[in-house]
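If you read the sequences in order, they're chains B, L, P and W.
Numbering-wise, the first sequence is residues 12 to 295 according to the numbering used here.
Numbering-wise, the second sequence is residues 12 to 295 according to the numbering used here.
Numbering-wise, the third sequence is residues 12 to 295 according to the numbering used here.
Numbering-wise, the fourth sequence is residues 12 to 295 according to the numbering used here.
Some hints here could point you the wrong way.
A pair holds if it fits inside one copy or across any two, identical chains being indistinguishable in the list.
Here are the simulated DSS-like pairs of lysine-lysine, each with C-alpha atoms no more than 27 Å apart in a straight line [unchecked claim]:
id : residue 1 : residue 2
1  : K278      : K261
2  : K144      : K185
3  : K79       : K165
4  : K79       : K145
5  : K261      : K185
6  : K278      : K185
7  : K79       : K185
8  : K108      : K165
9  : K79       : K159
10 : K108      : K144
11 : K159      : K145
12 : K261      : K165
13 : K261      : K79
14 : K108      : K145
15 : K144      : K79
16 : K165      : K278
17 : K278      : K159
18 : K79       : K108
19 : K185      : K159
Quick caveat, the hints were computed from the structure, so don't treat them as lab data.
Protein chains: 4
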Amino acid sequence: MTNDSSEIIFLGHCPDRVGLDARITGFFAGELFNILDLSQHSERGRFFIRIEGSEEGARQSIQTWIEKFFPIACELDMEYSFHDPLERLRVVMFCSKTLSCPLEIISRWLSGDLRIDLRAVVSNHLDIEPVVKKLAVPFHHVPTLTEKESYERKQLQIIEENRPDLVVLARYMKILSGSFLVAARIPIINIHHSFLPSFIGNDPYEQAYRRGVKLIGATAHFVTRDLDEGPIIHQDVVRIGHQFSVGDMKQVGADIEKQVLASALRKFTERKIIQWQGRTVVFH
Amino acid sequence: MTNDSSEIIFLGHCPDRVGLDARITGFFAGELFNILDLSQHSERGRFFIRIEGSEEGARQSIQTWIEKFFPIACELDMEYSFHDPLERLRVVMFCSKTLSCPLEIISRWLSGDLRIDLRAVVSNHLDIEPVVKKLAVPFHHVPTLTEKESYERKQLQIIEENRPDLVVLARYMKILSGSFLVAARIPIINIHHSFLPSFIGNDPYEQAYRRGVKLIGATAHFVTRDLDEGPIIHQDVVRIGHQFSVGDMKQVGADIEKQVLASALRKFTERKIIQWQGRTVVFH
Amino acid sequence: MTNDSSEIIFLGHCPDRVGLDARITGFFAGELFNILDLSQHSERGRFFIRIEGSEEGARQSIQTWIEKFFPIACELDMEYSFHDPLERLRVVMFCSKTLSCPLEIISRWLSGDLRIDLRAVVSNHLDIEPVVKKLAVPFHHVPTLTEKESYERKQLQIIEENRPDLVVLARYMKILSGSFLVAARIPIINIHHSFLPSFIGNDPYEQAYRRGVKLIGATAHFVTRDLDEGPIIHQDVVRIGHQFSVGDMKQVGADIEKQVLASALRKFTERKIIQWQGRTVVFH
Amino acid sequence: MTNDSSEIIFLGHCPDRVGLDARITGFFAGELFNILDLSQHSERGRFFIRIEGSEEGARQSIQTWIEKFFPIACELDMEYSFHDPLERLRVVMFCSKTLSCPLEIISRWLSGDLRIDLRAVVSNHLDIEPVVKKLAVPFHHVPTLTEKESYERKQLQIIEENRPDLVVLARYMKILSGSFLVAARIPIINIHHSFLPSFIGNDPYEQAYRRGVKLIGATAHFVTRDLDEGPIIHQDVVRIGHQFSVGDMKQVGADIEKQVLASALRKFTERKIIQWQGRTVVFH
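Using the sequences and the hints, build the whole thing.
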């Protein structure tokens, strides 16, 4: 959760050493910044920190904060960013035929529950077009029957036009090419319909049925070149019984998929996620 | 879950005695009915049973089943019903200002995830009208500033016109009068934004904050004359931490409210609920 | 849960066809047996049933029930069993160095929470001997440094002497040979310290850390010749964060392991599990 | 979780103002202390902080740390403490007849899972004496049939002799008097067998059955003069069905009670809890 009174969020990570907290919080104290929540974690020689709070003095722009902190970041060899908690993230959503995940994101955008600005919905099928259009979200149909290079060029163009902060794959059933990922240059979050690393690949519910598992799950992760191997953001599971057919699992699984995806997006919009070496730090 | 091959669901309850299962399943065997799932439970002298399965012989109508079973029901003093698992329940939804629960039900109706036919949305506010209308659900604005008798008459008229099987209160913030309940004569399911019986009444999140609880919850229940005292259908909770403000609780609470309400409706549409003496039997 | 008034539990499975429930419950009605709970499930042409209840007439022995039902079982080609819910299952427990799972089973045996009769504890290490002996459970040290054939012969001898209904592997770290399984001829339940099929084999917590999962779990399953591939009885997970080291995961994992193992044993003692074709039916 | 490399834990809270983090972490940087985890939270004008880490320079005693920090604490009007994460807390446990919670604590003490030193078990009944004595824990039988003043004097004497850091009420069924609490002057943690504030007082499972709830829970809290009103440390719930009798609820409830109590004690031994105005801050 983001503190209601917070005006600035700071995220950073750098090589660990003694005195980092003092150096960083000293900077904020000098700016008359009141820290409302601070989480810091060190692991394997790396230091991760998230700070949120309010300005006691005059409001300064994000740009000013970035510039003022720059010398410290150089000194500490730190990757860092400043954010306005009230800013809505620009999002482009990729879908296929399944309606439940896309509708969840659209609903939370409409209800204000997710602080996003949904710019466009891209799908390789027409199934969800009527509902999306009714809700006045721009819909782009990009079929994927042609060569990947050709249809990905169209997708990248939509991204270019909408300048999103984030692409969400809401049960988009095609694999993005490495060149797409390079060209897009923004974070991409995918929802996988299994508790990874169980049941990688196709038909996880079919696999789960055959193995007779008693819980099925979903995993939200950043997309990297390695299929289903990107850094995990959030996971959850739901209990199933022997009486569940594959169809039942799909239905119950759809519930957990959309909850997991929505939770991951909330963490992302609250600027609580840092990626590092194939894992994520997700602050509380 | 309902078995994919099921064609008929039977629900019944009566005073318990030896031989009831044999009597009832004997009837179904005589009709060449293949029982795919049977759950039976006895408690405090009452016998509860749910059967679903498929017809090996010629398909018979629900009406035929009801008539054929009638003599046995008389003999056993049993309340019973037969249902078609593919039938969509007609639903009228009551709302106020909050969008998240109504949108969940609408989304699940659109995605086919809930087997319902959403006939009308009634609200005492105009906040959610634009979204509801976009989705082509008939919207009725019934303000509640006048006397209860007068606006409830309008609500009852909408119910009469739509002949729903069920009314859903999706965060409708007014208490229904006893005469409304009598006149409506159909089940009404409400979502309460606390883990009942904790925090009965107003502002449960405010109460939860002050008490410092570590979990907040939601409760779906049938509406009876006693406020927040109706038979509970489903409940769930979510973990919160010390850092959660009342506003944060409301946001996280909204997630659990909509999940609990949707689960309760799914159980209802699957004909898995029997009310008895202030409690519910909810079959798996 | 087992109904407090139940005197007999019946479990059976056979090829599915119309009229099975009527045939079986007709038999019980003829014996003046009052069915308190009945669960029946059909899937892939197989019929599974569990019945518990009380005798209205004179008490009959388990042996009598078995004999009386025999002709019906032949007719239906049914595997079946009758059980006394008050009977304590004779258990032999295999352990290694880890104390937490064995102590959980011992505690629940002492508190009466698990309806078992713990006959012997076998370990290939001496670490847990002092605690086990204090609690007056016979302890057998069978080192596993010699050839498998030789030490398994000693283990089988202990099993022979104690005639258990069940062997529990409470974090026993050796793989049982196929010939051991054949010779033992009783169910063997193992607890695996991961959410199978994730992280099969050694060091699942190390694997989980590297993959950066957000939940870790445990799986109780029947032991078959295929390592970690036996029919799953119960699974559960616990949420972890980025701050969890492998050591932390082991500590939290130990909690979930012992809970999952205890739950699986409770289901087993309540006669709620049927194995069939690599999966389990676990009645509620 | 406590970081494996941590050597010192610092806990503090004081009135909030700008610059507190810088002041405190500046102190630690000056002592060449490497902060491995820092959590800070501000709410309602109060600042809460927990720091753990390792000393880069020479090891200093807890006493030295306390003295060195003293001037800063005076300046900030801060309540604070320093702890050695390897120190075992001295614990006295109060019980009645129920064995499951006491056995859980004893098991976790034996397995090393809880970093405690169990000094004595006090019970007003003799039921659990045999098991406790077998495990070589000093057992004190203090019957509670006499006047409260008289038996509480005996209990206080046992506390005095054992100088515990903590008293644990592991299903002790008597209410401690206000004068006992004053005289004991150490934290007392109780496990209540319901999800507070639901079902305050006697027979919560009986109450839960009548109300027909679908989840039952347990609550670990600090004991204050107001019965069942002390600051909540941890809560959890477990799902139940219509088929659960009061006896079944007690059995399943016992599982959740012992897990909740153990989790609360772990948080306490990890020095993650700060009490403030009837609520607790429990760091992750």
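Okay, the hints, checked on the actual structure:
no.: 1; hint: K278 with K261; result: both (25 Å within a copy, 17 Å between copies)
no.: 2; hint: K144 with K185; result: within (22 Å within a copy, 33 Å between copies)
no.: 3; hint: K79 with K165; result: neither (39 Å within a copy, 62 Å between copies)
no.: 4; hint: K79 with K145; result: neither (46 Å within a copy, 47 Å between copies)
no.: 5; hint: K261 with K185; result: within (19 Å within a copy, 36 Å between copies)
no.: 6; hint: K278 with K185; result: within (25 Å within a copy, 34 Å between copies)
no.: 7; hint: K79 with K185; result: neither (43 Å within a copy, 53 Å between copies)
no.: 8; hint: K108 with K165; result: within (19 Å within a copy, 40 Å between copies)
no.: 9; hint: K79 with K159; result: neither (44 Å within a copy, 60 Å between copies)
no.: 10; hint: K108 with K144; result: both (15 Å within a copy, 24 Å between copies)
no.: 11; hint: K159 with K145; result: neither (29 Å within a copy, 35 Å between copies)
no.: 12; hint: K261 with K165; result: neither (31 Å within a copy, 41 Å between copies)
no.: 13; hint: K261 with K79; result: neither (51 Å within a copy, 36 Å between copies)
no.: 14; hint: K108 with K145; result: both (17 Å within a copy, 21 Å between copies)
no.: 15; hint: K144 with K79; result: neither (44 Å within a copy, 49 Å between copies)
no.: 16; hint: K165 with K278; result: neither (29 Å within a copy, 43 Å between copies)
no.: 17; hint: K278 with K159; result: neither (31 Å within a copy, 43 Å between copies)
no.: 18; hint: K79 with K108; result: neither (47 Å within a copy, 43 Å between copies)
no.: 19; hint: K185 with K159; result: within (10 Å within a copy, 49 Å between copies)
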